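Quick note: the sequence shown uses this note's numbering, first residue 33, plus one each step.
Just so you know, the hints here were simulated from the structure itself, not pulled from any lab data. Computed from a predicted structure; not experimentally measured. Check before you lean on any hint, since a few could be wrong.
In silico DSSO-like links for lysine-lysine, alpha-carbon gap of 30 Å or less [to be verified]: (1) K138 <-> K50; (2) K118 <-> K186; (3) K247 <-> K50; (4) K157 <-> K138; (5) K117 <-> K50; (6) K117 <-> K138.
Quick list of the computed label-pair ranges, beta carbon to beta carbon [said to hold, decoys possible]: (7) R108 <-> G53: 17 to 25 Å; (8) G107 <-> R235: 42 to 50 Å; (9) A91 <-> D120: 17 to 25 Å; (10) G53 <-> G288: 44 to 52 Å.
Note that the Cβ used here is the ideal one computed from N, Cα and C, for glycine as well.
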Amino acid sequence: MSAPRDQHFLVDQRAVEKIAGFVDVSGRRVLEIGPGEGILTRALLDRDADVIAVEIDPALVEELEIAFADEIEEGRLEIIRGDAKKVDIPPFDIVVANLPYSVSSKITFRLLEMGFEVAVLMYQKEFAQRMIAPPGTANVGRLSVMVQTYASVKPLLDLGPGSFRPRPAVRSWVVRITPHEPPYPIADREVYADVVRVLFSHRRKTVRKGLRSGKDAFSPEAIERAIAGLPDDLLQRRPEDLTLEEFALIANRMSGR
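My request is simple: use the sequences and hints to build the entire structure.
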């Protein structure tokens, strides 16, 4: 069976066993996004997990329903056909998945909004490196700030193209994501997300100019009020040089706090 869209099927059984074993899934409700041909699904079920598998490709859904008919009948596996970026997903505890590269960002943001205990997720290596990039480095961006604000990320496994079929042109990383409360008070999480988005949409501009370019998200009055309440040295820097505390400060000023 050919891989739909940008999905690369994991075929390295040793890697599968490692991924399924990085967290204790026994007796837990585990969300798997993009199960593909079900190799990881099988490993999770073998570890006594109750699995919710979300698959967008109808041909793969049909194959999965045949291969796992017994587990579906027993209530240990629920297969949801749909787009994981927007389909309704029932409650779950843990996420274990090999995410399609092209939707990694949107699905990661959605998962953080939904909440979970821990996630073991596979990403393109370059994408995962951006998730953990510290301030002041070339890879830092919106993804880095948003993920690090709400979770800790730990690399677990580096996989080469030979672990997949078809072979991707890049390496992949498996990481553990553990949610936590923001390290600094955030008055309004939507405003915080908008501030991060706006500033990195104009990442070559200073904070002052970047905020003034964000009139699609904030009123001119809110922008000028925030600028008036922020230190001048902060306003002269660029977003990639800001700490999480400084992003929180900017967002809280934008919220009028």
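Hints broken by the structure, by number, lowest first?
Hint 3 alone not satisfied by this model.
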